[in-house]
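Chains A and B, in that order, give the protein sequences. All the letters of the first sequence, read from the start, carry residue numbers 2 to 329 under my numbering. All the letters of the second sequence, read from the start, carry residue numbers 3 to 519 under my numbering.
Be a bit skeptical, because a hint or two may be false.
Cβ-to-Cβ under 10 Å is the rule here; a few derived chain B residues that face chain A [claimed, not checked]: (1) Ala81; (2) Gly85; (3) Phe90; (4) Ser94; (5) Leu95; (6) Ile96; (7) Ala142; (8) Asp146; (9) Trp273; (10) Leu305.
I should point out that these hints are in silico values taken from the structure, not numbers from a laboratory. Quick caveat: nothing in here was measured; it's all calculated off a predicted structure. We put the beta carbon where it would ideally sit given N, CA and C, even for glycine.
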Amino acid sequence: MSDWRYRLAEQRGTLLAAGLFLVMFVIYVSNHPAGFTANVVQTAANKGVLLALVAMAQTMVVLTAGIDLSVGMIFIFTSCLASYIVIGSTPLALLGIVGVLVAGLACGALNGLIVIYGRLQPIVTTIATGSIFYGIALWLRPQPGSSDSFNSDIADFMTGQLPGGVPVSLVALVVIVLVVWIPFRRSETGRAVYATGSSEVAAYMSGVAIRRAKFVAYTLSGLLSALGGLYVTFITYSGEASFANGGTYTLYSIAAVVLGGVSLFGGTGSAIGAIFGALAFRTIGDLLFVFDLEPLWQPLFQGVVLLLAVCIGAARLFQVRNRLDLFA
Amino acid sequence: MEGPAPLFRMEGVSKRYGGVRALEEAELTVNAGRVHAVLGENGAGKSTLIKVMAGVVAPDKGRMTLEGREVVFPDPASALEAGVACIFQELSLIPDLPVADNIVISNPPKRFGLIDRRTQRRIAEQALARAGGEDIHPLAPVKDLPLSRRQIVEIAKALARQPRILILDEATSALTAADVTKVFAVLKRLRAEGLALLYISHRMHEIAEIADECTVFRNGRNVATYLAGTKTDNEVVEMMIGREYSHVFPPKPNVQPDGKPPVLEVRNLSWTQRLREISLTARAGEVVGLGGLDGQGQRELLLALFGVLKGVSGELLIDGRPVPISSPRSAKSKRVGMALIPEDRKTEGLMLPMAVRANLSFAALDRLSRYGIIDRAAERKAVEEMVRLLAIRTDGTDIPVGSLSGGNQQKVVIAKWLMVSPRIILLNDPTRGIDVGTKQEIYVLLRKLADTGAAIIFYSTDYDELIGCCNRVLVLYDGAVKRTLVEGEITERALVASALNIATDTREPSLAPAVGA
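Put together the whole structure using the sequences plus the hints.
In structure tokens, the structure reads:
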């Protein structure tokens with residue numbers, strides 16, 4: 002086989018998710034009363050980028066064969082924080098943005114340290130830390146709101162359009178992929194993350210730096226969740242310590258990751274696939290809207306799509322010859 | 003033997019696992035530009051030796067020197083750094099990563115801090131070419147490769163690290179004869195380049211072809227080191243056997259054919275490449291042993307019989323009638339009445355955090371329930387009877403089974419299956435890591451079960467057990483039955499020789515060890 006067929010096979014999950022999203026998005030805009038206009042795309046992009054960022058965050062941890070149930074809560078916490086410190090003149094607000102991102106990094110690093118040195122299961126660790134992050138968010142913002150001097154100029158720019166109608170949020174997402182994901186994917190640590198998730202024993206035997214890999218994965222997960230949190234504040238101009246939103250984003254991030262072809266067993270998949278998974282998952286809801294269906298149908302419909310996608314992914318299990326491998 | 007400056011030397015290295023001595027004051031000298039073969043039967047300490055050298059296991063005591071300087075390997079990474087690369091049996095490849103990524107995994111080439119994929123590709127292609135795997139595509143995911151190709155990738159991966167000592171642990175066991183020839187050409191070239199090679203294998207003809215010197219291990223000690231070609235196969239087998247202790251076994255009654263069809267009969271059983279045309283019979287009252295070196299298909303054979311494997315071909319007859327067994331559930335049904343005592347009791351045999359009582363009654367719940375509700379009184383009675391019968395030392399039946407000693411845990415596993423009164427009992431190395439006293443209780447129990455009419459298939463890595471317990475022993479080699487030993491033929495010499503797939507003269511009376519006398 003030639004090179005491109007292997008590369009294609011490696012990207013199969015990502016390409017499938019991209020295809021799924023494109024099909025759904027085309028159906029969506031062609032049935033939208035306003036059609037394919039800059040405003041429709043801008044709204045979709047702003048909504049989509051939130052889940053896309055949280056899904057990227059989830060991907061980092063899932064690649065190590067772990068799971069991060071705190072991504073939604075870091076998202077909420079950093080959003081509340083942003084409503085306090087992204088204030089004043091633009092230079093000052095930019096400093097605030099850096100502060101929000103550092104807070105996200107710290108949340109992720111805490112998760113990583115507990116999982117690595119406390120040897121606790123990721124699922125329990127992140128339920129506990131997620132509660133803590135939510136607690137801090139609630140303490141910051143018992144009621145939804147924002148600081149009086151909130152810098153709405155940056156917020157407007159980040160959620161607006163560039164000349165030509167390209168949504169800035171989409172550009173921001175591409176920049177984050179180029180600056181965070183691509184270097185990570187090509188770094189030694191990135192490879193160590195894949196190796197650890199695929200087979201921790203084999204990685205250890207090969208002398209791979211497993212601890213560093215996990216630490217970086219969790220920390221980057223925190224950073225990406227914080228970018229999502231920042232964005233929700235840009236969109237709403239405020240912070241809200243909503244437990245429901247935190248939980249929803251956490252669960253949807255897992256759904257998006259699976260739709261995007263990232264294996265929950267770790268070791269395979271790409272954050273780019275997860276982004277398309279997130280966008281596709283978001284579009285399901287929008288489709289119901291343009292077809293005038295009851296919004297009440299949304300969870301049911303999303304569930305069916307997710308289940309079908311997962312079934313396709315599980316088809317390889319039919320090839321297993323030793324049934325004990327099914328449990329491995 | 004010793005050159006002026008050996009490349010690597012280990013002295014007085016000991017390692018214990020619980021009460022078991024894996025290595026005892028072991029010594030080994032490895033020289034550059036030589037192939038050093040390590041021989042020994044199951045449990046002789048070969049694998050522990052390699053693990054110590056590769057930094058996987060820390061020895062309890064002893065020292066290792068590299069070019070005269072003392073070295074300590076706390077983890078595999080530090081052993082690699084010192085130039086000791088080990089080829090394990092398919093343990094160290096990352097299944098989801100492509101071949102090229104795997105080859106450079108421990109030290110990928112970098113440019114501007116990121117992995118340089120072009121250089122990586124070049125290194126991978128060169129390493130594959132050196133290892134005789136030019137046909138393997140560097141971008142293919144390892145999990146899609148057949149076993150023999152993976153083994154080549156392992157070798158390529160080790161070579162890409164530019165090691166000074168290369169350890170090959172049964173590295174050829176998954177290879178075809180053509181592949182072995184290629185690999186040997188590679189190894190000979192590496193030897194000429196000045197590498198030290200440590201070659202662990204049970205294939206005597208391979209050792210004869212490639213080794214310069216050999217060390218024989220027995221009971222964790224190195225018992226002899228000699229130049230290759232200076233000993234006959236007979237002498238080598240002689241050095242490998244000879245145990246320090248002997249168990250006491252219950253007498254073996256002769257089982258006469260009674261005209262009835264055997265309880266279990268297997269005809270031409272095959273599964274993928276791991277089992278080849280295996281036929282066997284087991285009559286009521288018989289203990290049929292499975293011998294041979296570790297990993298020759300014994301475990302797979304038991305799993306195949308128990309309905310765990312998919313795609314098994316061949317015929318299975320119970321009481322002379324063909325019966326399909328498609329899952330462990332159908333294997334344990336009343337019509338078949340099969341039980342498997344698994345190898346790894348901690349994962350396949352017991353639910354460690356659950357109570358002794360719950361563990362014991364799991365397989366028999368259908369017999370202890372009425373209309374789907376468990377009859378607690380009947381359960382308690384049956385469980386207590388089992389605890390008494392097997393003399394399981396436990397503080398009541400409500401404590402977690404994980405808190406019992408290893409030997410008593412194993413008794414619980416056996417008792418659990420006895421509760422369904424099985425007629426066919428498959429045992430997968432049931433006495434591994436168990437104290438001598440419990441072992442003997444298990445031997446007595448096996449014989450008792452056979453006497454009450456059960457047919458027993460017994461895989462053991464301990465040759466003494468096969469000699470002491472079995473009416474017949476099938477020796478497996480490479481997934482096929484190489485030899486069947488009956489009653490008096492079951493001697494340690496015959497077991498070792500047929501396990502290694504070499505012909506030795508078994509009729510030489512003065513050399514046959516005294517067994518069961």
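Do the hints match the structure? See the list:
1. Taking 10 Å as the C-beta cut-off, the interface hint given for Ala81 (chain B) holds, the closest approach to chain A being about 8 Å.
2. Contact between Gly85 (chain B) and chain A, as hinted, is not supported at the beta carbon level, the nearest pair being about 12 Å apart and thus beyond 10 Å.
3. Of the supplied interface hints, the one on Phe90 (chain B) holds, with its beta-carbon coming within about 6 Å of a beta-carbon of chain A, less than 10 Å.
4. Given hint, Ser94 (chain B) at the interface with chain A, holds; its Cβ is 4 Å from that chain's nearest Cβ, closer than 10 Å.
5. Taken as an interface hint, Leu95 (chain B) checks out: its beta carbon lies about 6 Å from the nearest beta carbon of chain A, inside 10 Å.
6. Given the 10 Å rule on beta carbons, the hint for Ile96 (chain B) holds: about 5 Å separates it from the nearest Cβ of chain A.
7. Restraint check, Ala142 (chain B) versus chain A: the minimum CB separation of about 6 Å is within 10 Å; hint holds.
8. At about 9 Å, the closest approach between the beta carbon of Asp146 (chain B) and any beta carbon in chain A falls short of 10 Å, and the interface hint on this residue holds.
9. Interface hint at Trp273 (chain B): satisfied, since its Cβ lies 7 Å from the closest Cβ of chain A, which is below the 10 Å cut-off.
10. Checking Leu305 (chain B) against chain A by beta carbon gives a least distance of about 7 Å; that is within 10 Å, so the hint holds.
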